[in-house]
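Peer 1: Sequence:
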Amino acid sequence: MSDVYPDTESTDAARDIADVQAVEVITTTAVHLMSAAAVKVGLADDPEHQLDLDEARKLIIALAGLVTAGAPEIGDMHARSLRDGLRSLQLAFREASPFPDAIGQGPGEKLTGPVN
Numbered sequence: 489m490s491d492v493y494p495d496t497e498s499t500d501a502a503r504d505i506a507d508v509q510a511v512e513v514i515t516t517t518a519v520h521l522m523s524a525a526a527v528k529v530g531l532a533d534d535p536e537h538q539l540d541l542d543e544a545r546k547l548i549i550a551l552a553g554l555v556t557a558g559a560p561e562i563g564d565m566h567a568r569s570l571r572d573g574l575r576s577l578q579l580a581f582r583e584a585s586p587f588p589d590a591i592g593q594g595p596g597e598k599l600t601g602p603v604n
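The opening residue of the sequence shown carries number 489 in the numbering used here; numbering runs sequentially from there.
Simulated from the structure, these hints should not be mistaken for lab results.
It should be emphasised that the depicted structure is a prediction, and the values quoted were computed from it without experimental measurement.
Keep in mind that the hints are not guaranteed to be accurate.
[Unchecked claim] Once the Cα atoms are required to be at most 20 Å apart in a straight line, the calculated SDA-like pairs of lysine to any residue come out as: (1) Lys546 - Ala580; (2) Lys598 - Ser576; (3) Lys598 - Thr556; (4) Lys598 - Ser585; (5) Lys598 - Arg545; (6) Lys546 - Thr556; (7) Lys546 - Ile591; (8) Lys598 - Leu579.
Please construct the entire structure, taking both the sequences and the accompanying hints into account.
Peer 2: Shown next, in the form of structure tokens:
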């Protein structure tokens, strides 16, 4: 019977996402990446057990790509806060690293430029 009739929840979710503006999808995705990176870089409540700089690097690079590519599309008002959050994470990564990358070589800096 489920093959004949579409799942109501799936249909509702598809309709709901159709109503969401691109700027909201981009900013929400960026916030998820920021939150995950913050935890992995040791900014959460249990840094001893949550610190994972390899994972943080990947998340920060992905965030830098999204922010860099999305900024012209979402406008300066939204992009500014995303850039600020990204920069804070890049600096936190450098601070948490036992062997910090050279300026310009940290996660996402190929996309954002040097952060210091």
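Peer 1: Are lysine 598 and leucine 579 close enough, with their CA atoms no more than 20 Å apart?
Peer 2: 15 Å, holds
Peer 1: Checking one constraint from the list: CA of lysine 598 to CA of threonine 556, max 20 Å. Satisfied?
Peer 2: Roughly 11 Å separates the two Cα atoms, so the pair holds.
Peer 1: Lysine 546 and threonine 556: Cα distance at most 20 Å?
Peer 2: 15 Å, holds
Peer 1: Between the alpha carbons of lysine 598 and serine 576, is the straight-line distance 20 Å or under?
Peer 2: 16 Å, holds
Peer 1: Please work out if lysine 546 and alanine 580 have their alpha carbons no farther apart than 20 Å.
Peer 2: 14 Å, holds
Peer 1: Are the Cα atoms of lysine 598 and serine 585 separated by 20 Å or less?
Peer 2: The hint holds at about 18 Å.
Peer 1: Does isoleucine 591 sit within 20 Å of lysine 546, going by the straight-line distance between their CA atoms?
Peer 2: 18 Å, holds
Peer 1: Within a Cα-Cα threshold of 20 Å, do lysine 598 and arginine 545 meet the stated pairing?
Peer 2: 13 Å, holds
The structure agrees with every numbered hint stated previously.
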